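These are the residues of each chain, in order.
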Amino acid sequence: MALPQSLRTSVTPLELELIASEQLVEIVPLITMEKTAFISGAYGPLRPPAKCRIPLWMATNLKLKKKCHIVPPEWLSVEFLQERLTRETSRPEFSKLPFRFAEIAKVILDVASDDVQNADKIKSLLKDLREARQAKSRDGLQKLDHSELSLPNLCSMEINEIRPFFIQSMGILTQLVREPSAE
Amino acid sequence: MASTSKAISNSAHQQGQTCIAFSRDGKIAYTGGLDTLVRIWHTDQGEDQEPEAAYEADEGITAVAAAEGCWLSGGHDSDVRKYIPGKAQFNGLVMSAAGASIRCLAIDPSGKRVAVASDELSVKIVDLDEITNVVVLEGGHRKRIRKTTWHPSGTILTTSSSDGTIVAWNISDTGAKVENVIDGVIPEVVDPESPEFMHDCSAVWHPSGQYFFAASRTHEIVAISRSTWTKTSSLSDPNTVGVTTALALSANGVYLASACNQEILIWSVQTKRVLWKHPGTPNAFTIQIAFSPTENLLAWTDTEGVLSRWRDAIPAESPDPVRQTAAGSAQGTTTKRKPTPPLWGEEPEADAEGGDPYGDDWIIDDLGDGMEDEPEGAKAIRSGDGFVKEMVSITKAQPAFQPGSTPMENKKRYLAYNMVGVIEVTDQDTHHIVNVEFHDRSTRKGYHFTDHFKYDLGSLGERGALFACPPELDHPAQVIYKPYGTWSTQGDWTYALPKGQRVLGIAAGGERPMRSLRDPSSSGGDIQGQGNIVIATSSGDLTFLSGSGMERIVLGVEGEYVTMAAAEEYVLVVHRPGATTIDGSQSLVATLISFEDFQVLQEKPLPIPKGHTLRWIGTTDEGAPAIYDSAGYIHLMIHHRRPNRAAWARLMDTNLLERKQGKDESYWPVGLSQDTFMCLILKGRQEYPGFPRPLIQELPVRLPFRNQDPVDSPIEERIARERIQINLARDALGDELTSSDIDKREVELDKQLIKLIQVACKTDKAPRVIELVKRLHFPNSIAAASQLAGFYRLIGLQEKIEAIKLWREQNATPAEEAREARQGFAYDDAPLARPKPFQNFNPPPKVDRPSLTRSAGIVEQTEFTASSVAIRAGRSLAPQASASRSMSPEGKRKRDDNDDDLSSNTFDVEVKRRAVGESNAVPSPKPSTCIAIQPGRAYISIIYCRQPIFSEDWARSQEKSFRKKTRAQQTYPKERELF
Chain V
1 MALPQSLRTS
11 VTPLELELIA
21 SEQLVEIVPL
31 ITMEKTAFIS
41 GAYGPLRPPA
51 KCRIPLWMAT
61 NLKLKKKCHI
71 VPPEWLSVEF
81 LQERLTRETS
91 RPEFSKLPFR
101 FAEIAKVILD
111 VASDDVQNAD
121 KIKSLLKDLR
131 EARQAKSRDG
141 LQKLDHSELS
151 LPNLCSMEIN
161 EIRPFFIQSM
171 GILTQLVREP
181 SAE
Chain L
1 MASTSKAISN
11 SAHQQGQTCI
21 AFSRDGKIAY
31 TGGLDTLVRI
41 WHTDQGEDQE
51 PEAAYEADEG
61 ITAVAAAEGC
71 WLSGGHDSDV
81 RKYIPGKAQF
91 NGLVMSAAGA
101 SIRCLAIDPS
111 GKRVAVASDE
121 LSVKIVDLDE
131 ITNVVVLEGG
141 HRKRIRKTTW
151 HPSGTILTTS
161 SSDGTIVAWN
171 ISDTGAKVEN
181 VIDGVIPEVV
191 DPESPEFMHD
201 CSAVWHPSGQ
211 YFFAASRTHE
221 IVAISRSTWT
231 KTSSLSDPNT
241 VGVTTALALS
251 ANGVYLASAC
261 NQEILIWSVQ
271 TKRVLWKHPG
281 TPNAFTIQIA
291 FSPTENLLAW
301 TDTEGVLSRW
311 RDAIPAESPD
321 PVRQTAAGSA
331 QGTTTKRKPT
341 PPLWGEEPEA
351 DAEGGDPYGD
361 DWIIDDLGDG
371 MEDEPEGAKA
381 IRSGDGFVKE
391 MVSITKAQPA
401 FQPGSTPMEN
411 KKRYLAYNMV
421 GVIEVTDQDT
431 HHIVNVEFHD
441 RSTRKGYHFT
451 DHFKYDLGSL
461 GERGALFACP
471 PELDHPAQVI
481 YKPYGTWSTQ
491 GDWTYALPKG
501 QRVLGIAAGG
511 ERPMRSLRDP
521 SSSGGDIQGQ
531 GNIVIATSSG
541 DLTFLSGSGM
551 ERIVLGVEGE
561 YVTMAAAEEY
571 VLVVHRPGAT
581 TIDGSQSLVA
591 TLISFEDFQV
601 LQEKPLPIPK
611 GHTLRWIGTT
621 DEGAPAIYDS
631 AGYIHLMIHH
641 RRPNRAAWAR
651 LMDTNLLERK
661 QGKDESYWPV
671 GLSQDTFMCL
681 ILKGRQEYPG
691 FPRPLIQELP
701 VRLPFRNQDP
711 VDSPIEERIA
721 RERIQINLAR
731 DALGDELTSS
741 DIDKREVELD
751 KQLIKLIQVA
761 CKTDKAPRVI
771 ELVKRLHFPN
781 SIAAASQLAG
791 FYRLIGLQEK
801 IEAIKLWREQ
811 NATPAEEARE
821 ARQGFAYDDA
831 PLARPKPFQN
841 FNPPPKVDRP
851 SLTRSAGIVE
861 QTEFTASSVA
871 IRAGRSLAPQ
881 ASASRSMSPE
891 GKRKRDDNDD
901 DLSSNTFDVE
911 VKRRAVGESN
921 AVPSPKPSTC
931 IAIQPGRAYI
941 SIIYCRQPIF
951 SEDWARSQEK
961 SFRKKTRAQQ
971 TYPKERELF
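These protein sequences, in sequence, are chains V and L.
According to the UniProt record's numbering, the residues represented by the first sequence are 1 to 183, in order.
According to the UniProt record's numbering, the residues represented by the second sequence are 1 to 979, in order.
Worth flagging that the hints you see were computed from the coordinates, not collected in a lab.
Just so it is clear, the structure is predicted and the values come from calculations on it, not from any experiment.
Here are the simulated BS3-like pairs of lysine-lysine, each with C-alpha atoms no more than 30 Å apart in a straight line:
| # | chain 1 | residue 1 | chain 2 | residue 2 |
| --- | --- | --- | --- | --- |
| 1 | V | 121 | L | 412 |
| 2 | L | 411 | V | 66 |
| 3 | V | 35 | L | 744 |
| 4 | L | 744 | V | 51 |
| 5 | V | 96 | L | 663 |
| 6 | V | 51 | L | 445 |
Next comes chain L alone, as it looks inside the complex (with noise of 0.2 Å):
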């Protein structure tokens, strides 16, 4: 009876209680002890190995079990930890049972849900993808559970309390509810230090799924039916008596092993007789038996803390353990779901490969291809021939966010990390602290607080510090503006949302403080005003108001709102105006408000790459829009003071940053000035800064130039960013455009200019050098160029040079032209100017606007038309009228040269000229004019229609030619003298 084969044993854990499970493709066990230990072994290694061991655990290890992605582990520690399967690598926690001891993990066979026993009443079932989805079992114990397994079909859940009772649970999709209570087959065991209460008592299902095997409180293995929950036959062998201590099913189901005595025994489930007996560890029990799930392979554990490994424990004469046979299938035949045979051991090397031939055994794929996998975020969408299949990817739409903020991670998060300071949150589960710390504490005084509302939102402005939290049981949600210029807290005040509306994003803004707002003087900080604020709320507006809580206006977003910052004049809103599209595409627009008077200065969609998303929105030092996106470009708005001018210009693409190359890296921006780009540097796939506050970096800001000349490239990319630079300066400046430090920066950029017309000079390229001469900024820096070209040798060069520069001082100088050209745009637009309080007392500006005045339909009267009355009213006015125009000298009209003629004649004019002034004289549909002609007197009556029948200019001419005639007649009575 006894094999012949003998099985090698590794001391693995400490004396007491151990567990072993193998992986779904037999190739590792698992082994949890006291020790805390979960080691990892080869099967296919022999006694020498040295296992790997996962040292998480704080207490001893009661359970292991392993999925196809997963190996999990839990204890007297109340923890279900995650591995990466086949090593020691702690991959997350599945859940905490509260302070009980974890008695038994069972993962159903799809490799999906884990069954967790503890000493809690209830059974819980974890999704292992997404470990916050829990389906409890409650209420069918009385007592501790000891263990619990799955039924092959992963529907019902059977589990074994210390009182006795098996009970079988119906898990459906909806939830679970008891099936049945087994009593009186398991003993009871109440102590849970009692080495009983290590025995295994679990209920093993046979693969059929037909019925399951349990350790009886009368010393025999018991088969109880799926279909009546009766016992239906028993195993018991005369020659051993004894507690059977543990038990396992072959993998195909015609062995049983199970423990007793210290021996190993292995039963025929046909037949019901032992086969085979193996000598266990003397002076110990084992507690649990494992048949590897490809291999003929036999493993258990026992208390003395000794692995076991039986290999060939079926000898190959007798039907295979693993592979479905006719022994086995006899026992399955009325098997629904039975087991697919090549899965469970033909090409063992498949098997490897396929990696769970297991798992999906259990599902019966009556769709046809309809289980394939598909891509996350894709729908599959089936025409009606059956044959075109469609993929329509639907993108997520980006959720709303604020600059700048972090999600809560270890009880602390940022709610702010701009140039000005940082917004430190701490969760103290209560309440939160709140801590505001600024770069620079000579302008401003950090300062922290306790806050019971938990704000989830913040902006930190130049001028004050703003929060909002989201509405809660006993308060909606609102808005709290603490200004730093103030010593106390009177300076806070809050703005409260209507109930059911969220703040969604807020911003703060404000002028940059010339003097710190620490001064408490007269003439401190806080006396140049408080900022702007915005709030994006969830009713669809922005909500603008002033820095000390005057509701100013309500804009409507045209679309769902994303994200906003708010600069010194001007706010930048992100919102998405329709849905994604198709193909990746977020569909952002950026809209930059004024704060003056909330006109809208541009309105331009985000140069985001399809598929990417953006990540950071603010303003550049010098006060431009900047934006950084996931694919990790940054843009520049330019020329954003130019009403509808502004273009996105690509300053950088941290891709080709030199520390970038070969590391995996990326960067969470911080703020961006003229040549530099702040950020936080992120290691690996980390996504948001930590703590403690990382330092902030400083990266040179590259234009991605792609000519890779060694000598010209970096100085032309210098020019190129010093433009856009001196632009956008220049474009705050107001009139005058220039200053001092312009000029400085001109000069600056001339030096390099000079530089590159010298290696042009060098290698004779006139072309060029005649070029960069006309970029020049002063005259001085153009004959500098002359010289050089005359050191060349270039005498033609620099003739041309000289011509240029002829020109140059004939003409308008750069300068010059930019404000001709700037005047041009004055006209339609003119751009934003920095604020300059107080210092602007001119008049406003004359708006001469020569093409705006039409001219509108002459209306004649005569006695006999009936609208004339109201006309009659008017008339008195119209000499008037007449004089003040015919005072100013520029008031000359063309139309009245024209009717020079008629100048005489008051006739014509005074009427045309009063329908222009009193536009209430004439109705509102146009008048056309329809003149009937009779001998020696004219009658003119007015047809008001929708569409004139005849033009106006042809009714004047017929008008003029009629009146050359009358007057040539002298019949025509003068106006005046008909009243």
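Isolated chain V (complex conformation) (with noise of 0.2 Å):
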């Protein structure tokens, strides 16, 4: 949303991206590694053609140096993400989505695209899903109250992006609401 700088006081994509790159994935190895303990956990072992499942940034690192191909999620399809945007035009709440899709989406897509079947369907898919999440957060201003406002199944990345703008909607709000009773 274009917004003043100041409203834009938030998590930045990239960062969000960072904290997505810690879910697992799951990789088919072109490499043979023993079982290998990072901070975050031991992975492994990778044993070619046995697929195994690696943080999101460890698929990329490997996926880059072209050792391995990543098997994309499920929901990574056409028929899903298709079945899901005729859902999101049709109803009014949001449909259900892996909490940080948009950025596993777009790691994915960007260093694996080869591996992704119709990856240019799937784009266009998860361009029109944003919009039309984009739009039903819009509508949701007009719910905005002081207190709390109720939008299930918001993604990482549509919080974040609404965060900023909204939080300071209800602070105003509630300074509103309060000043009546004040007096």
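Bring the two chains, given one by one in their own frames, into a single complex with the hints.
Written out as structure tokens, the structure reads:
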């Protein structure tokens, strides 16, 4: 949303991406590696052609070195997204999607678009989904009051997007509501 | 004269050439046009219908034809396409005329063959069921062929050429020949772009088969007799002058429709007069007319691309155009192959159900029920009395195959697809491109090369890739091995087979590399050798070669080779010892042959259900042989390292998979590891994986246990599966029988068992608890079980568990028991241990064979026996043998004890020992000793015979008693003193 700089004090999408990189994804390794301990945990062993679950940051790293294929998660497919998009456009509430779907989808499509079937179609579907959901979160403005706002199934990137503006608005609303009672 | 009913018109195609054909049941009309479409019209629907269209053609459609099981279209793009009847669903290419436009398609009356006329000078007759079955009619035409039609019997084909000739071909089973050339009837049209070229010049056969009609150059319609091939009559009307552009006969041959001067004329064949007329589309001429085969309906298409349908073209008061009537049969009185009337329209509903009222009419069923369809692969054998009909089905023998390979499809195929990697082949017509890729790129490096031999077999082993090509003109069948370890191609070698022999299957096995094969250092991967190669050839043998190309042995295959797969230390060969059985079994046998010394470790029939085939064989990651069959079962050979003790354990039933429920999919195995089944998932009826290479899917292995208890069953299944794997791992270990890995797994197993014990304690099932406790591996686990029983206040049970613990502590642990059992086996068959290079420095184990020394016949000699000369020569050895024996303390034998009383007398003992020691001293037929006794002297002569007269024991007892006697008398001279 086009907002002045002061209202945009929030986590940047890049930071969110970093957080999402801790999520596990499935890969098909192309190299052999023993079970290896990292700060976040021990991953492996990699035994091609068996699949393995490793964090996204590691998968990205291996993929960029051409040492693995990333298996896209089940929700990153044309059928799933299409179904969610129709649900999104036909129903008032947000449809259920993985909490960090936007970040993970972006990372996977950026580094491993050759492992994803119909990457272009998925990109456009994701864009449509984002627009549909953004429209809904804007509608949420009307329901905004001073104390609470319930938008279930909102995802991290979207929360991050509306957070600064909504919080500030809610602050102002709180003041407006409190003043009459103070009198 | 003009008919009262009106035709309905639909604009169907763009301007230009069009064509029409009715389906054999008359419900559907197919029209094709220059707009490359074939539209499918339902004849029962009116003007407002929206027809389905087939879009496959690239250029204009010039011909459509319909049979019972399909319909065909052909056009300028030179392809003849086949479709599902009544639908625009493409069903395959029938033929392709190499750049020449298709001009006409004619399906023969039986609906089995199609005659294709094209701009080529030949007509091709293609079998619709087997499109490679093509008869080419050549030499009859000098110009392009415009039309072709079938005689109703299907034995004569008439082709109309652009040079104005009609050629009648006699089509028989053996071939086709020109029966007659009719010149000067139809007009000569050379230019294919001229409007005249579109005129119908076909020879339209009357259903009686006696004559055909054709539009002549003189603007008449002439009838030409089948017997004389000359014009018999002509149809002409003084009121219509002009060229006839289209012709058609009604189904029963009573009426003839023709198009002339933008009018449709219906003639009576009998009176040769025009009966009715219908105006056609203005400014267009009609190109093709068709009578519905089942209804009173006439349809035509014209150059405007309009389809017109004239329902009830024949008024009700006139004879029906479909039904066989007196008028019709008057025309066909001489017919031999008269159409069967009821099929032609008495009961239209029955026709519709019968589907083909037309096609079968021309088959004369002179065999009674001999034309009944027989199921495929079955043969009806009738016994002599004619009443009993026995069905004998012959099971088709499964051909030899290479596991993990697919047939060539779209110029691509897989030669091998296993857990090591993939060999992909792309056909480039003159050569192949072979691409070898590995799953693990850190161990081996993928490569690709151009292959001029067109390898059709491939095998990816742990140590190298093996290819084989079939023999061709200039080279014999050969096998090439490309080890991975080396940098260049210097490690490659070729093994050529003698002329006339082919390679049926190949397998490359070898130890799994511990280090990367890409490591060039001296301790790199290839120091462990280059594996083992097995080649199955058409001369019925298995040739074993070493990884460097040294021939090791050639083993004969006891039957027909089917497939094989190589593992680290053995090769699994599947062959068919005899024939398939009548009831559908493939009767395959798997043989495990070790690479070390070509011992057959196991020979077991495969557990494939009847009517199913073997799909895949391979080895698990742990090295156990596994098979997958078309019934969807995976079987694992357990105890395969114990010679002749193996069994096929059903590891998985893919039909029970959760993901399979409600889906039409099948699995194409790639590999099997401990808990996962690696496969490619094929959707629908797909039989082989395609390109690009699909991802390997991992399915969990589940034993097909039937108990459905939600808590216990999964744990029980897991324990049973783990037990199988631990036993396999233990068999591979050699003598020590336990390793830290196995211990760890057994601890895990105990944890699972404790869970089950807890559930059993909770539900108070004491016998189950005791059984489970006995299965525990470690004393600590038993202690834990005892605590559990105490927790649930089962005091009696706890005591019993304590007793088991005590008993276990005093007796052998399960591992020790297993070791003892193993040592028991070891006497007759040592289990195949995993090879451990450079580690076994022990001397070969001592073989103790107390039970194997058997006593031989006693040979006693006197100076009178003739054969004593040979004995005497060997006698000097005897005392030495005796001495060496008495020195070894264990050498004491039972018989010595028995003969203790004779120990002072060396006579008997020594002779016997010599007989054992020098087997050649005794001639091969067993001597039976006959003792003749004379007072004071003993003569023992040896009688050789096949059947002993007396048993040896008897003889011995006789001898013994005799000796006792003689010793007592002290008259027997000591043997040594005799010499």
